[in-house]
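Since the structure of chain H is provided, determine the placement of chains D and X on it from the hints.
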Amino acid sequence: MSARITSAGAFAALAHAFRLGWSETWAQRSALLGTFVNYAVILSLWANLYRQLHPQSLARASLGYAQVVWYLALTELVALAIGYAFRQIQDEILDGSVTALLVRPVGYVALTAAQEIGRTAAKIAALAVPGAALAYWLTGTAPFGAAVVPAVAVSVMAGAANLLAMQVLVGLSTAWFGTARPVFFIAQKLMFVLGGLILPLDAYPAVLVKIAWLTPFPAMLYAPASVALDPTWPHVAAMLAVQAFWLGLAWLAVVAASTAFERRYVEGGLAA
Amino acid sequence: MIVEAKGLTKTFLRARSEPFTAVSGVDFTIDAGERVAFIGPNGAGKSTTLKMLTGLLYPSAGAARVAGFVPWAERRRLAYEIGIVFGQRSQLWYHLRVRDSFDLLAKIYGLDAKLYRARAERITNVLQIEALLDEPVKTLSLGQRMRCEIAAALLHGPKVLFLDEPTIGLDVTAKALLREHLKHLAEAEDTAIVLTSHDIGDIEHICARVILVNHGRILLDEPLENLRASFLREKRITIVTEDERPEPFGAAVVVERGPHRLTLSIDASTFAIDEVVAEALKRLRVRDLTIENAPLEEIIRHLYRERP
Amino acid sequence: MNRFAWIPALGLANLRSELLRPWNAALLGAFMAINNFVWFGVWALFFGLAGDVRGWTLRDVTEIYGILAVAYGIYSAFFGGARNVALFIQNGGLDVYLGRPRSPLLGVLFSRCDPTGFGDIASGAVLIAWAAGSPAEWLLALVFATLGASVLVSVYVAINCLAFWTSARPRLCDQLFESFLQFAMVPQIGLPVFVTVLLYTVLPAAFIAFVPVEILRAFSLGKAAAVVAAATVFPAIAAGLFRLGLRRYASGNRALDVR
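Chains as they are written, first to last, in our numbering: chain H, 136 to 407; chain D, 347 to 654; chain X, 63 to 321.
One chain only, chain H, in its complex shape:
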């Protein structure tokens, strides 16, 4: 009788992949250090710029210096924790090693995504405290209390999961375009603009805000950062709901893309 993997078995495999991603990230301390250096440089440089703005500039958007710095601390946390996750998928497709990975009983994309979630969770865990310490040092204050931290943490993970789904889709696009980089460039920069990486959407022109909310990008960056700035429960609930909506849609897209990818790879074959 041939063996078949059960749901419990598949879940255990995915959990193991998560743990693998988590532990290998912690083992690569120099890479974590490099990520934090990058984070600290970006946050400090932009905080320096914000510090020199006329106070009225930020006030026009109902923002203060401390708020924008903490906002940026959270958006950068999500953006840097994901990094270039699409590259593993791109490289495995291009060098053909995905062939061996496709014949496993647990899906290639599911395993890769689980491993990436582990990596992301590890990076968020590693960056969150020193990042918060840096933001506190730069601003001298924290715009939210300890009671809000769980909601912020959940929203940050939801934002990261949304962003990860995008990166998986970008990586899989290699199968159709021969490289994922062009798609990544556009997706990342659109995320920076429409997701409000540097400035909260509240500071944007109204028409751009409308356009942004039609995309998943605010769910990735703006939502978790704004939860920290406006921790009232209506706002938190609204942001979590938006993130949940896009999360469902994004991972449905990932399942569809994964099926299409396997079909294209197995039936169509891909040139080396």
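Honestly, the hints are just simulated from the structure, not real lab data. Owing to the predicted nature of the structure, the values given are computational and were not obtained by experimental measurement. Treat the hints loosely; a few may be bogus.
[Unchecked claim] With the C-beta cut set under 7 Å, the calculated list includes, among others, these residues of chain X facing chain H: (1) L89; (2) W101; (3) G103; (4) L111.
[Said to hold, decoys possible] Not the full set, but computed from the structure, chain D residues with beta-carbon under 8 Å of chain X: (5) I430; (6) W439; (7) H441; (8) V623.
Even glycine gets a Cβ: it sits at the ideal position worked out from N, Cα and C.
For chains D and X alone, kept in the frame of chain H given last:
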């Protein structure tokens, strides 16, 4: 003498670990046109020795001269006199045609255009790679690429060609082809060859001299024929029989016994081969019988055990 | 034969390696250009709110970004192998270049061409054109960008040279370089003194785009001389570090275990 090594030693310092001596007091000389194989197990010091001779590594002690230059002190000048082929690293330009890589190397080595073209034509004829010249390197099979790598390493007319595991990863046919070409090329160009390899076939088909290294020391430095002669005492007799399970006989050592097959090892200095053959014909229903020298592989393995 | 003929030959071979797939190169270049224009949108939004930062306007920052984009494009299109230095140190890839009778550093620099660099150069030139007050300023900005590329490549090489003496992995070197680029991208105004000193010395980010734009706003011979000096001194420092590191590479004693 084209290569001379005296007391060559290399000790690596390692963080949180004892220093590791990869090569210890290695002495040898190689004459122009000679073909020498460095053999030994993994970690024996073969590649480390090669790297010191090509200027890629400083020795911890000792001296060497290659084509009149001290390798690690005069690396760039030495580069004009030697060619290096790495089995696992390419020096061709992956996306470009083979011809383009050759032209580029001609510029890097500052070769005279006429001389380069004449030489390239000669080498490509010997290596039979004319049909590959207009193919991108990335489309070549491993065997084809290795022949092109060797051609590339010879374009500037080096006096010594160093090859580090040149047949690694090649199939049997590609290996045979490469060995044949390499041997002819060395003879045609009067280039000394120094090669490291795990593959006994490389030694048997290309080289005339064997330097056996283990644990960083030279255990043996002999012409290949001397090596064979020292071990010619051992003969292998393979008998194919009608009997399904042929029984061994006499004092011969059984090397292999299988359905309808028996291989015996005989010390020819102790036993007369004709008597053993006669005994086999008497006791077994012989369909076929072969007498061979012990394979070189066995000789080498025996040497590893004998001289650790 | 011209004894320097190998340099342009090597550089051209590097370019041809990528341009043999013209559609792929065009796609990557075009999308990188779009990428840069979208990022310009971030600056536009920022200055839409801010108005100016201590007199620095969107035009000034766009010119900084444009010069940096061109400089970065020159690096990635022509000297893209700078990012390979740490990788080759760690995997022994330097051996191939050391076995040749020419500069191994130039060999490594010419070992990679990233076609996105052409997109950076094109979009950078467009951004400068939008920000510049005259064609002469545009041309001068491009000259500064070329000098800036020299500094940028030197810094990348120097960072990668860490791998000679430490166990710094290629990924860490890339991350440190990305941090350096952040300094070059953002106007260096109002920074703490020690940071400013760093940016004019050990981490010469100021010379890539910020000081050139200061010169374009108000010409200063001293600053122009400093930019030219930086473009010659830092490559010499990087080459010196590489040469020093090669001695360690050839000694075989690095922080990592023996290859």
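Inset, instruction - Have a go at the G103 (chain X) hint: is there a Cβ in chain H nearer than 7 Å to its own Cβ? - result: Holds. Min distance 5 Å.
Inset, instruction - With chain X as the partner, please determine if W439 (chain D) meets the hint condition of a C-beta pair closer than 8 Å. - result: The hint holds - W439 (chain D) has a Cβ within 8 Å of chain X, the shortest such distance being about 6 Å.
Inset, instruction - Answer holds if the nearest beta-carbon of chain H is closer than 7 Å to that of L111 (chain X); otherwise answer violated. - result: Constraint on L111 (chain X) satisfied, holds at 5 Å.
Legend entry - chain H contact restraint for W101 (chain X) - C-beta distance below 7 Å: 6 Å, holds
Legend entry - Per-residue hint verdict: H441 (chain D), partner chain X, C-beta under 8 Å: 4 Å, holds
Legend entry - Restraint satisfaction for I430 (chain D) [CB to CB of chain X, less than 8 Å]: With Cβ-Cβ at 4 Å, under 8 Å, it holds.
Legend entry - Status of the hint placing L89 (chain X) at chain H (closest C-beta pair under 7 Å): Constraint on L89 (chain X) satisfied, holds at 5 Å.
Legend entry - Hint status (Cβ of V623 (chain D) to nearest Cβ of chain X, threshold 8 Å): Hint violated; V623 (chain D) Cβ to chain X Cβ min 52 Å, cut 8 Å.
Consistency note: the structure conflicts with earlier hint 8 alone.
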